[in-house]
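K.L.:
Here are the chains, one letter per residue:
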Amino acid sequence: MNFVPKMNRRSFVVGTAAAGAGLAVGFDLPAGGPQAASANSVPELGAWVVIKPDDSVVIRMARSEMGQGTITGLAQLVAEELECDWSKISYEYPTPGENVKRKRIWQSYSTGGSRGIRESHQYVREGGASARMMLLQAAANEWKVPVEQCKAANSVITGPDGKRTTFGKVADAAAKLPVPEKPKLKDPKDWKVIGKPMKRLDTADKVTGKQVYGFDLKLPGMLNAAIKESPVFGGKVKSFDAAKVTGMKGVKKVVQVRDTAVAVVADTWWQAKTALDALPIVWDEGPNAKVSSASITAELKAGLTAEQAFVGNQAGDIKPALASAAKKIEAEYSYPYQNHVCMEPMNATARYTADKCEVWVPTQDGEASFAAVLAASGLPADKCEVYKINLGGGFGRRGAFQDYVHQAVNIAKQMPGTPIKLLWSREEDMVQGRYHPVMQCKLVGAFDKDNNLTGLHMRLSGQSILAAVRPQVLEADKGRDPLSFQGVFQSGEHAFGYTVPNLLIDHAMRNPHVPPGFWRGVNINQNAIFMECFMDELAQAAGQDELEFRRKLMSKHPRNLAALNAVAEKIGWGKPAPQGIFRGLAQMKAFNAYVAAAAEISVTGGNKIKVHRIVAATDPTYAVNPAQIDRQVAGSFVYGLSALAWQECTVKDGRIVETNFDSYNSMRIAQMPKVESIIIQSGGDGPWGGVGEPTICVAAPAVLNAFFKATGKRIRSVPLKNHGIELV
Amino acid sequence: MVRLNINGKDHNVDVDPSTPLLWAIRENVGLTGTKYGCGVAQCGACTVHVDGVATRSCSFPASAAVGKKIVTIEGLALNGALHKVQKAWIDLEVPQCGYCQSGMIMAVAELLKNKPKPTDADIDREITNICRCGTFQQVRAAIHEAAKA
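So the sequences go chain by chain: A and B.
Plus 1 on top of the position in the first sequence (first one is 1) and you've got the working numbering.
Plus 109 on top of the position in the second sequence (first one is 1) and you've got the working numbering.
If you are wondering where the hints come from, they were derived from the structure by calculation, not from laboratory data.
Hints may contain errors.
[Unchecked claim] 27 Å max Cα-Cα, derived DSS-like pairs, lysine-lysine:
id: 1; chain 1: A; residue 1: K675; chain 2: B; residue 2: K226
id: 2; chain 1: A; residue 1: K450; chain 2: A; residue 2: K219
id: 3; chain 1: A; residue 1: K211; chain 2: B; residue 2: K118
[What the hints assert, rightly or not] Residues of chain A clear of chain B, computed beta-carbon distances all greater than 12 Å:
id: 4; residue: M67
id: 5; residue: V101
id: 6; residue: E143
id: 7; residue: A154
id: 8; residue: A174
id: 9; residue: V213
id: 10; residue: N453
id: 11; residue: K653
id: 12; residue: M668
id: 13; residue: A671
id: 14; residue: T712
Note that the structure is a prediction, hence the values are computed from the model and not measured.
Quick reminder that beta carbons are idealized off the backbone N, C-alpha and C, glycines included.
Chain B on its own, in the form it takes in the complex:
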């Protein structure tokens, strides 16, 4: 049993402590916006914030998140108002299939927190999520759009 604080709520989660945070979030807590893509921290589809740090939850044991504040895509909007990254994603119609976009948005939200006006070089260095539909051109434009908000 581990106690996880997700999107401001505490959950007692009945998992083996080595269970990846991703699966605790998806299967035990029931928040499926965070996606499985590779299980080896390569693709970033599982990105969540752990104490404000973008973290690939497929390779992060649930036990390591105890006592920390976890934010998932479902918790990014505050009081019903979409996060500026989500707004930019809608305005520029970024998603195609959309499966990788939860992780992409979480990674970008953290980037903008640390670097409110990222350069293209910052984006290239910090955003390493895989998107097989190939939305990168829109992703870049939407990051700059969100940075203006």
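Chain A on its own, in the form it takes in the complex:
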């Protein structure tokens, strides 16, 4: 097996060639590593494009590929302006260290919040356009003709009098030219690559086992580490008896990792894990050892009626509206802790010497990993480097949180010169998550005597992710976490999609000790269930059709309405459903995309739900690769419906109870509904919307609303298994 391919291009680049070259990781970096690399060693045409003499095109990627297809979409954006031959494209990841060294020429590496394409489309298209202009200018210079007489198409440049050359032939000369700034971009109506279902750049190696994930990495002389961190969050290592395991086969060392964890280092990971399981560890469990799901539930429940709450959205005056209501409807909902459960558990590989600390890691944010390496190694930036590896799932676990990088570096620092591959077991991954936050919600709706909705109060009570992760955002916002209101916020990319004359949406922040994190969709998951199920409750209380009821509140939200109308029409809302089939709807604006879903389900025995079909609409403004959007939409429902049906991390004695898929289930193919995706491209010059996350939130409420239609039973807490309800 060739796990140590020779680097034959700029050594700072860690990349995966699309043509099946497998992983090219810089572990045979020359002394001096990335800094030794010269930006002039290949024809680099600005930050984003490298063209080689054989006409191959290498597109640089700052964002990370974790399955969502962002690499392919970003390549389309560059290729559209570059006018290159799509079949000649591969991609590579410039390292975070190189980005720092070059004054962040590749800008943000963060691959979360569905922002890969929507927040970089402008500058990567400009990168493609600048490169094309440099190539054209180089050809014009060679031919001594005005550049206006030269044209690029499909990696070929043509000029007057039948002149013809290729990108590869003029790339060297082009690389010496200045990079044009702010080039003019194509009108979207002229796009030929953007908007087309181009084939992914990364499929071939994923069907042959050749793709190397972090888990698969091999370095010369490498040892493997297994780790256990205090199962009670906030606890510490009190003692451990290394002598009990040091004689076990393959075991090289038992180390404490900071003050919270213990690791065993061995020849193989299985040996390390076997020894770790046999290692007696005593924990100082700290102040949280008595916390349970029941105590957390009670803490949040008190917040539902607390005086103090942060306001996320308001209109009119809610108090008199509620006081003078002809009819009031109330309901309480709740949403549990959930783990990301990436198929590839957390891992990182580190090699430390006093002169250099290098880390290989599947990461959603190479720069966050880089910062973790600096902090954990104590070395300056010019002595640190991170090599990104494609991820076996991310879903928000591998971006802001770099705990496994800290751990790997800490272990490597205790064994200088030896590469250490730290792999988490599934059990460790389950109990050391950064969990979907817990939230409860009390909703009150007020009607006048004509059944018009005159007031709506949505009180959230629960955990703030940003309080734990980016407290500076709260400090700048008088203590409020604006992210808590995703999908129901006053304005912006998560703006509320209804107009209610008297409205209050507020959040009583309650932060239990379980660490929260960004979990695919983040806070839209619970907010969509709370709001969209309650919308159905309100419509039913008013005796109105659920679609018509929503429409009356949506006249000022045309894009939300267009998405909702699209799914309603396609599912056949208002027309009779087949025998035994029941329908439900939901809509939301999330990550600046407008999404809606309509579900068709049947229920047998009162508790077995079969989701037959989900029609989903998404309006991300522009659709770069519709085939991949369809896959993201369908996949988001696997994630969202798994969460709805089975997923809850419960807390006992301060720790997470569920440790594997046998107690934390995930959807199989048998439960997969037929997903019909509708892509709406509103276009225009406004901000683009994301794709990876938005639709995740509308599946669960659409199914719950259909379940009510089928059974008359309103489910207000997740997961369904707690109600004795199965997804079949």
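Place chain B on chain A using the hints.
P.N.:
Same frame as chain A, now just chain B:
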């Protein structure tokens, strides 16, 4: 020491006999296409063929595979020609992150050997691998596509 026949080659593997086949394959033989996902035979990412039977190698001791023919994802293509399941997977662009797909493909290859034209009900019953990206819609389509090949 156990002797394992993997993808037609014999390997003398220096592991404790109770070591799961998965880790012997990955760490001792060095074939990392077979993945670890759960260690308790729930997710199927570690699926290989043992004497033609799709087996969750994380929960199958290496010693139990002695004398049997083991095929991993790396050995599914014969003489450089991709297996029809792999071809269908490429044609329909099934993988997202791809981590579970080795096991998914091995499970499907066995299904098609036993049931060349599986119905949706056959697929639902026989394919129980977990995919967190949620590729199931494409998986189903690609199984039917491969069945036509």
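K.L.:
Take the hints in turn and mark each one as holding or not.
P.N.:
Cross-check of the supplied hints:
no. : hint            : result
1   : A:K675 - B:K226 : 20 Å, holds
2   : A:K450 - A:K219 : 71 Å, violated
3   : A:K211 - B:K118 : 18 Å, holds
4   : M67             : 5 Å, violated
5   : V101            : 27 Å, holds
6   : E143            : 40 Å, holds
7   : A154            : 26 Å, holds
8   : A174            : 38 Å, holds
9   : V213            : 7 Å, violated
10  : N453            : 40 Å, holds
11  : K653            : 20 Å, holds
12  : M668            : 7 Å, violated
13  : A671            : 4 Å, violated
14  : T712            : 24 Å, holds
In summary, the structure is inconsistent with hints 2, 4, 9, 12, 13 from the numbered list given earlier, while agreeing with the others.
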